[in-house]
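Novice: Fit chain H to the given chain P structure using the hints.
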Amino acid sequence: MNKNNTQTNSFSLSNDKVSATILLVPALIFCTIFIFIPAIGTIVGSFYSYSLTSMNNWKWVGFGNYIKATQDEYFWVALKNNFIIVFASIVLQVGVGTILAAILDRGIKYGRVIFRTIIFTPMVISSVAVSLIWLIIYDPNVGILNAIFKSIGLSTPSKGWLGDPNISIWMIMITAAWQNTGFMMVLILAGLQGVSKEVYDAAEIDGATGVKAFWYITLPMIRNVLIVAILITTIGAFKVFEFIFVFTQGGPSNATQVLGTYIYLQAFNLFHMGYANALSVILLLIALFLGWLQLKSSRKA
Amino acid sequence: MNFLKFITKKIYLFIFSLFLSFGFITSSYAVDITIWDLSGRNGQDEFYDNLNKEYKKINPDVNIILQTFENEAYKTQIQVALNGNDGPDVFFNWFGEDSARLARAGLALDITPYANVEGGYGNYISEGLSNTTAVNGKIYGVPNTSVSKYFHYDPAFFEANSLAVPKTFDDLLNLCRDIRAIDSSIVPWPLGNSERWKLNHVITMLNQRVVGEENTAADYNLSASEDELFTNPAYVEAWQKVVDLQDAGCFQDAPNATHPDLTRSMFASQISPMIYCGTWCGGIFNGEGFSDFSYFRFPEVVGGAGAATVGFLVPSGMMVSAKTAHPEIAAHVASFMVSDDMALQAAELMGFMPSNPTKIGEMSNPTHWFNFYVNDIADKTGHVNVLDVLLEANVSNAYLDMGTEILNRTKTPQEAMDFIRQVALEAKAAM
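Chains as they are written, first to last, in our numbering: chain P, 1 to 301; chain H, 1 to 431.
Excised from the complex, chain P in its bound form (with noise of 0.2 Å):
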């Protein structure tokens, strides 16, 4: 009997984990040709020089181009971007995110549904259309911040919003933030209506409300849902693309180069695919590194 139920049990067993590979070979096929595949290729090809017009004709540099991008200025102005862009999506986006969320739980008595919408339609937009719309806004000529800044007697940029090197990419951020925000707020909020009500009667009867309440309580209470949301926005600002590309394709002057500008400028404006490959693979490790964080807080959260 026992040796029957042994051989029921390996034989479901069995078929389990062929089910299961089966389930599994269509999501490889596809990984395998849409990710693997590519990101092998990447790797090869920045150990080599060539260009998009010269597929045939690839030269073996070695670690040449990982020791180029070393020396090169502008791949270190792309980084300190994307870092500048992680540290101001992390204030700007879970930081106005978290105070929104708090006020739309705690905060308001009516009208929150109004609010959280509002707040959130940005999201909805693509952020090519995003971009297009707040071109308009900056404009140095004909842009309502312009407008608005002179109406009030104060004076606007010489250079313009997006044309002067060192406010460029705030501006961007600014509107990354407008877009964005929304989602972290609907985030955190998910997570601030989970916090028990119970916890803030008891913290009310020792003293602790408003402000210090939303510290003590709120903050600890949520804070694996915050870990995943910097995480959220500390990939995407690795991933940022599409904002600088229409905005200022990197410029003026390379100051808003970020790696997915750099890499697109290197690939396909300059023709150094190979180095552009090297780039590449630099921005994947520093992804694989950010999805590992991830997956580890999203765990414990």
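The reader is advised that the hints may include incorrect statements.
Here are some chain P residues pointing at chain H (derived, C-beta under 8 Å) [what the hints assert, rightly or not]: (1) P140; (2) P165; (3) G251; (4) Q294.
With a straight-line Cα cutoff of 30 Å, these simulated DSBU-like cross-link-like pairs (lysine-lysine) come out [what the hints assert, rightly or not]: (5) P/K59 with H/K75; (6) H/K167 with H/K380; (7) H/K138 with H/K323; (8) H/K138 with P/K59; (9) P/K59 with H/K428.
Hints listed in this document are in silico derivations from the structure and should not be mistaken for laboratory results.
Note that CB positions come from ideal geometry on N, CA and C, so glycine has one too.
Specialist: Below, chain H without anything else, positioned relative to chain P:
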């Protein structure tokens, strides 16, 4: 039994008719010739419809299929497509370094043998024009139009304020100052350099006027020795002229943040009295409701090494893919596009400055700007190609970047040239 015979006969008949129809199909199969072109040209659809119809009259089995792309996207997509197996048979390109690179890489077909065959492009366009597409003595393209650039101005404004058309560069500086003196809020010459190429066109002309085309040639094609490459001090002087223009109040604030389209609208709506704009601009101004404009050439730089009779000219047209399955037909279609009648249609429908001017006199109601462009291009003693088409990609990018830096005053003219020279040295070493 009779029924079986009947069925067998029918089957034989069916098989026989199948063979017949197969034979018919194979003897008159159609050839599709795919053409890739830029999108957004006025009259483009009508021109290609007519091209298809007219070509069918001489070659009924050929279907011409047009696919169009937005300007910036096209520059990338064409390279990817030519490397793959689904690319076009015939494709648009600007003739300069862009086209030469494709030729050197073996992606464009050498069409020299098709020049003088019946209906070949050699029957329609001059050898000089064909040679703008040459690489190592072989022809790789059929130019069908060229673009040039002129100052367009508002004669009513000039007349009302007693302003004269500038003859020299110093006159141009004074003109800007005079316009600012009339009303400081008027932008004399709006410059939209957010995409970097607008100032690149200005520095192209300043290099020609100040450095001179004979002195620039060896630097532009990187054949100058390492010691001499881009060391001529006149290059710095040319950049200084941009600074002088800015100091004279010619441009609006923030040219690096202003889109070229907006500056065209500033001129078309008569907010600004002049603009340096291409031969494609006349139609745009007219479309925005302003057609009473006039034109003048880029002024002479007194003491400069380049003649004032030399102008800006970027030839563009069609190339044939080296991978086309029908090289002879594809080259013939590209040639047919510049045949007398089709060149006339290109001029009438799309406003092209045709590379084949045989029937230009037959144009019905040509616009005053079209007449001016055509006659003036013909009058010029020489032409220079624009730097962002002509130069090696890295040097071209350096010139584009330095334009932004000069306008922002984040680099001096000398620093800009030091940077360009460094990039040029690296590009030469990599050749």
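Novice: Look at each hint and say if it fits the structure.
Specialist: Hint check:
no.: 1; hint: P140; in the structure: holds (4 Å)
no.: 2; hint: P165; in the structure: holds (7 Å)
no.: 3; hint: G251; in the structure: holds (6 Å)
no.: 4; hint: Q294; in the structure: violated (31 Å)
no.: 5; hint: P/K59 with H/K75; in the structure: holds (24 Å)
no.: 6; hint: H/K167 with H/K380; in the structure: holds (16 Å)
no.: 7; hint: H/K138 with H/K323; in the structure: holds (17 Å)
no.: 8; hint: H/K138 with P/K59; in the structure: holds (27 Å)
no.: 9; hint: P/K59 with H/K428; in the structure: holds (17 Å)
In terms of the numbered hints stated before, the structure departs from hint 4 and from no other.
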